[in-house]
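Quick note, the sequences are listed as chains A and B, same order. FYI, this note's numbering numbers position 195 of the first sequence as 195, with every residue one higher than the one before it. FYI, this note's numbering numbers position 226 of the second sequence as 226, with every residue one higher than the one before it.
Some hints could be false.
[Said to hold, decoys possible] Stretch-level coverage of chain B by chain A, calculated; a stretch enters the list once three of its residues show a Cβ under 8 Å from a Cβ in chain A: (1) 38-47; (2) 83-97; (3) 104-111; (4) 161-175.
[Claimed, not checked] Here are some chain A residues the structure puts well away from chain B; computed CB gaps all over 10 Å: (5) L24; (6) I29; (7) G45; (8) Y72; (9) E102; (10) D112; (11) R113; (12) G173; (13) V180; (14) I212; (15) N236; (16) S264; (17) I273; (18) F280.
Derived by calculation from the structure, the hints in this document are not laboratory data. Ideal Cβ positions, reconstructed from N, Cα and C, are used throughout, including at glycine.
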Amino acid sequence: MEGRLANSWRLTVNDKNFIKTALLSEIRIDGRKPFEYRKISIKFGREDGSSEVQLGQTRVMGMVTAQLVQPYRDRPKEGILSIFTEFSPMADPSFEPGRPGELAVELGRIVDRGLRESRAVDTESLCILAGKFVWAIRIDLHILDNGGNLVDAANIAALAALLTFRRPECSLGGEDGQEVIVHPPEIREPLPLTVHHLPIAISFGFFSNESILVIDPTHNEEAVMGGRMTTTVNANGDICAIQKSGGEGVPRRVIMQCLQLATSKAASITKQIKDAVEVFNTERALRKIKRHPTSTGDDVREKQN
Amino acid sequence: MEVDREDGRSQNQLRPLACSRNILHRAHGSASWSQGDTKVLAAVYGPKAGTKKNENPEKACIEVIWKPKTGQIGKPEKEYEMILKRTLESVCILTVNPNTTTSIIVQVVNDDGALLPSAINAACMALVDAGIPMKHLAVAVCCCVAKSGYVILDPTKLEEQKMKAFAYLVFPNSVHSVLPEGSLRVEGEPIENGIITSVTHGIMSVDDYFYCLERGRAASVKLSDFLRRNLQQQSTDSSKAG
Chain A
1 MEGRLANSWR
11 LTVNDKNFIK
21 TALLSEIRID
31 GRKPFEYRKI
41 SIKFGREDGS
51 SEVQLGQTRV
61 MGMVTAQLVQ
71 PYRDRPKEGI
81 LSIFTEFSPM
91 ADPSFEPGRP
101 GELAVELGRI
111 VDRGLRESRA
121 VDTESLCILA
131 GKFVWAIRID
141 LHILDNGGNL
151 VDAANIAALA
161 ALLTFRRPEC
171 SLGGEDGQEV
181 IVHPPEIREP
191 LPLTVHHLPI
201 AISFGFFSNE
211 SILVIDPTHN
221 EEAVMGGRMT
231 TTVNANGDIC
241 AIQKSGGEGV
251 PRRVIMQCLQ
261 LATSKAASIT
271 KQIKDAVEVF
281 NTERALRKIK
291 RHPTSTGDDV
301 REKQN
Chain B
1 MEVDREDGRS
11 QNQLRPLACS
21 RNILHRAHGS
31 ASWSQGDTKV
41 LAAVYGPKAG
51 TKKNENPEKA
61 CIEVIWKPKT
71 GQIGKPEKEY
81 EMILKRTLES
91 VCILTVNPNT
101 TTSIIVQVVN
111 DDGALLPSAI
121 NAACMALVDA
131 GIPMKHLAVA
141 VCCCVAKSGY
151 VILDPTKLEE
161 QKMKAFAYLV
171 FPNSVHSVLP
181 EGSLRVEGEP
191 IENGIITSVT
201 HGIMSVDDYF
211 YCLERGRAAS
221 VKLSDFLRRN
231 LQQQSTDSSK
241 AG
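Produce the entire structure from the sequences given, and follow the hints as far as they go.
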C-alpha cells in the first residue's frame with residue numbers, strides 16, 4: 001500500500017504557484033494563450049474503425065467493432081451503442097490495471113451522452129430484424145498517454161473511429177425470411193454507419209484567483225485547477241451535453257463565455273475530423289483498386305505445366 | 001521447394017520491420033514495433049518501489065500487463081503475460097535494483113500474425129528506452145510448419161491458421177563484444193546459439209522442430225542487426241533533441 005502511494009506523481013508547491021502566477025498575465029506554461037487549443041493529429045490504422053488521436057501530448061486510440069445481438073426488450077427496433085473506456089497503466093503511473101476508476105467511468109459517460117442522447121449515431125438503421133437481430137456497436141477507447149484533457153481527445157478518437165467504421169452488409173434469407181445472412185467483405189462491400197452530426201467535447205479549467213478560465217488544460221494545469229467543465233457542442237451550435245461535477249462555483253457569464261468559445265472551436269475541429277476521414281477514404285478506395293491486379297493467374301499455370 | 005506465399009515473400013523472408021522509440025511522454029520508456037501489419041505498443045514504468053506479495057524482495061520484479069485490442073482480458077492474455085514476464089526476467093539483470101517493480105504494459109494495436117514475438121521485441125526496445133539494465137536483448141521470431149512439411153518464417157494471420165503447427169522462438173541477440181573471443185561462450189558455444197523461450201502450438205516432428213530452430217536462429221541474426229542499427233541511430237538523434 002505504501003509502495004503504491006510513493007509512486008504517485010505530485011506537483012510541487014513551487015510548480016503550482018508558478019502556473020497560477022503565469023496565468024495572471026495570461027501566459028500558460030506550454031506557451032499557449034488561455035483560449036488556444038493544442039494541435040490535433042488524427043491517424044487511422046489499417047482496419048476500418050481504428051483511429052489514433054494525438055492532442056498535444058495526450059494520445060488516445062479508438063477501436064470500433066460490431067456484433068449481431070438481440071435488442072433490448074423495450075427498444076426492439078434500435079441498435080445498441082456501447083462505449084468501453086480503458087485507462088491503460090501505460091498512460092500514467094497512477095492508473096491501475098483492472099476495474100475502471102471514477103475518472104474512466106466519467107469519461108465514458110460523457111462521450112456516451114454526447115453520442116447516444118443527441119442521436120448522433122442513427123441506431124434505427126442498425127436494426128436488421130425487429131425484436132430479433134440488431135447490430136451492437138462497441139467502441140473501445142484506450143488511453144495511451146495522459147497529457148491532460150483526456151475527454152476531448154477520447155471524444156475525437158471515438159468520432160473518427162465511428163466515421164471510418166464499416167459494418168458488414170447482411171440480408172434476410174432462409175425459408176421464412178427470418179434468418180440473417182451476413183455477407184463477408186470480399187463479396188459485398190461493407191456499409192458505413194449513419195452519423196447525423198459530430199458532437200465535439202471541449203473542456204475548460206477554472207482557477208481560483210479571479211476566476212481565470214483556460215481551454216484544453218494540460219495535466220500540470222489539471223493538478224492546479226479548482227474546477228473543470230466539459231461542454232459537448234456540434235458545429236450547428238447545438239449543445240449536446242454539459243458536465244460540471246463539483247469544483248468551485250463560477251458565475252453565469254463565465255458559463256456563457258465557455259459555450260460561445262466551445263461553439264467556435266467545435267466548427268474548426270469538426271472540419272479537421274472530416275478532412276482526415278476524407279483522406280482515409282480516398283486511400284482506402286485506392287487500396288481496393290490495387291488489390292485486383294495482383295492475381296498472377298498466368299504464372300501459376302506455367303508452373304503446373 | 002518453391003513455396004507461393006500470398007504476399008509474394010519467400011520461405012525465409014521476414015515482413016518489413018519498423019520500430020520507433022520514445023513515443024509516449026509520461027512513460028519512462030516506450031517503443032512501437034510493427035512487422036508488416038502486426039503492430040504492438042509497449043511502455044515501461046520503473047523501477048518503482050516495492051515488490052508484490054509473492055515475489056522475492058532480494059531481486060527486482062517484473063510485472064507485465066497485456067492489453068488486447070478489444071474485448072475482455074481472458075486466459076490467452078494471462079498466458080501471454082506470463083510468457084513475457086519469464087522471458088524478460090531472464091534477460092534483465094535483476095540484482096541491480098532489488099525490492100523494486102518494473103511494469104511493462106503491452107498494447108496490441110493490430111494483430112496480423114506473429115503477435116507474441118512482436119510484443120517481445122517491442123518490450124525489449126521499451127526496456128532499452130527506459131534504461132533498465134539488461135544482459136542482452138531478446139529477439140523473437142515465429143516459424144510455422146505446414147502440412148506438407150515446409151517451414152516458413154513470420155506468418156500472417158491467415159497463414160498461421162492454415163499451418164499444421166507453429167513455434168514462437170526467442171533467442172539472445174548477437175553480441176559485439178570488446179572482451180576476448182572465448183570468454184562469452186557457454187560450454188563451448190557462443191551465447192547467441194542458446195534459446196530463451198520456445199512456445200509451440202500444434203503437432204510437429206522432432207526434425208521439423210530442429211529445422212525451425214535453425215531457421216529461427218538465422219532470422220534472429222538479421223533481426224539483431226536491425227535492432228542494433230535502429231538503437232544506435234536513435235541514440236544519436238535523441239542527443240540533438242535534448
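Tested hints:
Coverage of a stretch by a chain is defined here by at least three residues with a beta carbon nearer than 8 Å to that chain's beta carbons; for the stretch 38-47 of chain B and chain A the count is 4, and the condition holds. With 0 residues carrying a beta carbon less than 8 Å from a beta carbon of chain A, the stretch 83-97 of chain B misses the three-residue requirement, and the given coverage is violated. Given as covered by chain A, the stretch 104-111 of chain B passes the check, having 4 residues with a CB less than 8 Å from a CB of that chain where 3 are the minimum. Counting residues of the stretch 161-175 of chain B whose beta-carbon sits less than 8 Å from any beta-carbon of chain A gives 0, not enough to reach three: the coverage restraint is violated.
With 10 Å as the threshold on Cβ separation, the claim that L24 (chain A) sits away from chain B holds: the shortest Cβ distance comes to roughly 27 Å. Every Cβ of chain B is farther than 10 Å from the Cβ of I29 (chain A); the closest lies at roughly 14 Å, confirming the non-interface assignment. Not every Cβ of chain B is farther than 10 Å from the Cβ of G45 (chain A); the closest lies at roughly 6 Å, contradicting the non-interface assignment. Remark: the non-interface label on Y72 (chain A) is consistent with the geometry, its nearest Cβ contact in chain B lying 21 Å away (cut-off 10 Å).
No Cβ of chain B comes within 10 Å of the Cβ of E102 (chain A); the nearest lies about 20 Å off, and the non-interface call holds. With 10 Å as the threshold on Cβ separation, the claim that D112 (chain A) sits away from chain B holds: the shortest Cβ distance comes to roughly 17 Å. Residue placement check: R113 (chain A) keeps its beta carbon more than 10 Å from all beta carbons of chain B (closest about 22 Å). In this structure G173 (chain A) is separated from chain B by more than 10 Å, as the shortest Cβ-Cβ distance comes to about 27 Å.
Once the 10 Å rule is applied to beta carbons, V180 (chain A) is consistent with being away from chain B; the minimum gap is 22 Å. With a closest Cβ-Cβ approach of about 25 Å to chain B, I212 (chain A) is found to remain outside the 10 Å limit, as its non-interface label requires. Look at N236 (chain A): its CB is around 32 Å from the nearest CB on chain B, clear of 10 Å, so calling it non-interface holds up. S264 (chain A), annotated as away from the interface, keeps every beta carbon of chain B farther than 10 Å; the closest lies near 28 Å.
The beta carbon of I273 (chain A) is kept farther than 10 Å from every beta carbon of chain B, the shortest such distance being approximately 20 Å. Even its closest Cβ contact with chain B, about 15 Å, leaves F280 (chain A) beyond 10 Å, as expected for a residue assigned away from the interface.
Violated hints, in rising order: 2, 4, 7; the structure is consistent with all others.
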